[in-house]
Structure formats: structure tokens, C-alpha cells
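J.: Residue strings, one per chain:
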Amino acid sequence: MTDPTDYRAPIREFILNRFPGFELRDEDDIFALGFVNSLFAMELVMFVEKTFQIKVPNNEIRLDSFRTVERMGDLVARVTSGGRAPVL
Amino acid sequence: MTLVGVVGAGVMGAGVAQNLAQAGHDVALVDNTPQAVTKALSTIELNSRMSRLLGGPELDPDTILGRIKAGTDLALLADADLVIENITENWELKRGLYLEMDHTVQPDAVFVANTSAIPITRLASLTTRPRQFVGVHFMNPVPMKPAVELIPGHHTSPEALEKVRDLLTSMGKKAIPVNDACGFVSNRVLMLTVNEAAFLVHEGVADAETVDEVFRSCFGHPMGPLQTADLIGVDTILYSIEVLHEHFADSKYRPCPLLKQMTDAGLHGRKSGQGFYSYGAPAASSAAVDSGGSRPTAATR
Chain A
1 MTDPTDYRAP
11 IREFILNRFP
21 GFELRDEDDI
31 FALGFVNSLF
41 AMELVMFVEK
51 TFQIKVPNNE
61 IRLDSFRTVE
71 RMGDLVARVT
81 SGGRAPVL
Chain B
1 MTLVGVVGAG
11 VMGAGVAQNL
21 AQAGHDVALV
31 DNTPQAVTKA
41 LSTIELNSRM
51 SRLLGGPELD
61 PDTILGRIKA
71 GTDLALLADA
81 DLVIENITEN
91 WELKRGLYLE
101 MDHTVQPDAV
111 FVANTSAIPI
121 TRLASLTTRP
131 RQFVGVHFMN
141 PVPMKPAVEL
151 IPGHHTSPEA
161 LEKVRDLLTS
171 MGKKAIPVND
181 ACGFVSNRVL
191 MLTVNEAAFL
201 VHEGVADAET
211 VDEVFRSCFG
221 HPMGPLQTAD
231 LIGVDTILYS
241 IEVLHEHFAD
251 SKYRPCPLLK
261 QMTDAGLHGR
271 KSGQGFYSYG
281 APAASSAAVD
291 SGGSRPTAAT
301 R
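Chains as they are written, first to last, in the UniProt record's numbering: chain A, 1 to 88; chain B, 1 to 301.
Source of the hints: derived by calculation from the structure; they are not laboratory data. Computed from a predicted model, the values in this text were never measured in an experiment. Check before you lean on any hint, since a few could be wrong.
[What the hints assert, rightly or not] Which bits of chain A does chain B cover? Going by a derived footprint, with three or more residues having C-beta under 8 Å, they are:
(1) 40-49
(2) 61-69
[Said to hold, decoys possible] Straight-line Cα separation of at most 25 Å, BS3-like style, residue types lysine-lysine; simulated pairs:
(3) B:K145 to B:K174
(4) B:K69 to B:K39
(5) B:K163 to B:K174
(6) B:K163 to B:K69
(7) B:K39 to A:K55
(8) B:K39 to A:K50
All C-beta atoms, glycine included, are put in the ideal place defined by N, C-alpha and C.
From just these sequences and the hints, can you work out the full model?
T.: Written as C-alpha cells, this is what we have:
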């Protein structure tokens, strides 16, 4: 069984590297915080695909899947374990 | 449904081709190197996948790519009803292309110049079809932007203008008509703003993040001018300001040396992975690129 928390650290690091100085909890909505736009969301998709060597299913490429570090970790866990991604 | 030729498969050309395919048109996409064509098709596939994320419709990348025939031979454009040109903002390159296309493309076809600054009447004069020549200034990213500048040249016929307006409507674009002048409305103002913003960084008045923060927080702009520069392409900004400088012979359009240096160094913005900001995506070919930092490159000057 893949633990989603394993994937959170590199994702959090990627975000904080681009927006240094922010305190970011895994459940914080990065879009609601106001400093992330949809172009950065696109970079996040590319980052998780490259870092975790996965292809995110097209139906998962939406803001809701990338809203928090927690959700992104869950998404990577689902894809790497080969499970179908449930609709959030 | 129309067969539309798209010449130049860079950021703008790929966006135009994708938008046309989304609208159900058949597209012939041409660039002068196989690498550029391959990269454009990859970009279109990626952007189709990302469409919903960026606030657009859900797209099937296979359907979009299935409507696009791509290659390096201008003969692909021979039967097109319209050809949209999107090559580098360089007079000599555009001149050579239009002279060749005028022979290659069927005589009834309308030519559409997607240019940032070069006057449409001047481009039309290169061809034997100035009545079938229209300027359209698309915005980047093309599939996401709802409006364009529509620019008739001096000789443009009402029929040609209507044909292009219909095509734009099918692409979901509102066409805002403006008269022909170097830089039209948008880039006459925007390029000066970006150039001056680059001077502020160059002179050490503020770093790129601070300049953009002023525009975002004080004016409520969604992006600052240097974020916009990275999105458009620093090289494209430089070429556009050079065209304005040459055309008006007015020193207020003198290009900022920092834009020149960044262009030479391959720091072209989002498309190269590094510009005023670092993106960590595709690395530019230049060894001068610093791939490590997250701070704006220019801020370290």
C-alpha cells in the first residue's frame, strides 16, 4: 500500500521554493491563499509527473486535485498504485 | 469547416493551431525545422490536457491533434482557405516568407498576419493580394484569450475582413477593430511599459518581484509587466520594441540593454525555463542559464 504522506515533502518543497517565506500546511488551499495562479498549477502537474514518473489522468487535471499538498500526495499515491482516481 | 494554414509553430503558432482545431477546423501547421514542429505538437498535446486547469473546456488531445497536419513544407498550405502567419517578429524573415507563400498558396486564400507590431499595409505590399490581407493580433495564451485586435490594411477588402471576422468568431474570439499603425493599440502601450519595467530592474531601482508586486497590489493587475514579459517571451518583447524604435525613430522606444542581454543569454521566459523568474521546466540551451535559483534572475544583477 502506498502512503500518500510519502509524496508530500517534495511537493511542499517545490511550492515553497517558488514562494519562499510562506508557512504552508499540507491541508492549506494554495489557490485560496492568493499567491498561486492557474499557470503555476500547470507547473505543479508537470512537476509531479516528472518527479514521480507518472502520467496524471486527464480527468484528474483540474484545480481540485491540486488545491492542497495533501490532495496532490493522494493523487500521486492513487496513480502510482494503479488505482482509479475517484472524483473528488 | 475550413482548412486553415498556420505558419510558424512557436508559442503563438501552436496556440493558434490548437484554438483552430478546438473550433473544429482542419489545420495545416508549418515551421522550417522538424524540431519546431515536434515541439509544437507536444505543446498542443500538453495544453489540451491542461485546458480545464486553465479555465478552458475539457479537451481530448487525440481529437485536437487529429485535426492538425504538420510539417516543414509550405506546400501543405497550398489549398488553405486562409493562412495565419506567426513567425518571428523580424522584417527580413517575414519578407522572405510572404514572397514564397504568395506563389505557393492558392490565389483566393486570405493571408492573416499575426504580428505584434509590424504595420499590416507594409506586409501586404510584399504580396500580389493586398486586398486579401488582414492583420490579427492574437494574445497569449491564444486558446484562453477572448479577444484580438483586428487590423485591416490600406487595401483590405470588406469581404476579406468579413471572412477573417467569421473565422475569429468560430474560434470564440471577439474582434476589436483598430486602424493600422505600428504596434496597433496594445503593444504601443504594453511594450513601452515592459521596457521601462526592465529599465527599473537594470538600474537597480527595484527587483523584478517588487516591480510586479506594485502592479499587482497597487493597480490590481493579475500579473505584473515582467511576469507578462516572461509569458510573452523576453526575445519577442525585444524584437517588438526594436520594431517600434525603428518605425517611429523615437528614442522613447529604445530597448533596455537588459532585454538584449537576456535574449542573447537564452533567458527567454517561461518557454526556456528562465527569464525574469525561474520556472524549473525546460532548460534553455545557453550555458548562461542559472537553473538553481527561485528568485528573479534579473534581481541578482
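J.: Within 25 Å, alpha carbon to alpha carbon, are K69 (chain B) and K39 (chain B)?
T.: holds (14 Å)
J.: Can you take a look at whether the segment 40-49 of chain A is actually covered by chain B? Rule is 3+ residues, C-beta closer than 8 Å.
T.: holds (count 6)
J.: Taking 8 Å as the Cβ threshold, is the statement that the segment 61-69 of chain A is covered by chain B upheld or broken by the three-residue rule?
T.: holds (count 4)
J.: For the pair supplied as a hint, K145 (chain B) and K174 (chain B), is the alpha-carbon distance within the 25 Å limit?
T.: Holds - the C-alpha atoms of K174 (chain B) and K145 (chain B) are around 9 Å apart, at most 25 Å.
J.: Would you mind confirming whether the straight-line C-alpha gap from K39 (chain B) to K50 (chain A) stays at or under 25 Å?
T.: Cα-Cα ~17 Å, so holds.
J.: For the pair supplied as a hint, K39 (chain B) and K55 (chain A), confirm whether the alpha-carbon distance does not exceed 25 Å.
T.: Answer holds: K39 (chain B) to K55 (chain A) is near 19 Å, not above 25 Å.
J.: Holds or violated: K163 (chain B) with K174 (chain B), Cα cutoff 25 Å?
T.: holds (14 Å)
J.: K163 (chain B) and K69 (chain B): Cα distance at most 25 Å?
T.: holds (22 Å)
Going through the hint list in order, the structure satisfies each hint without exception.
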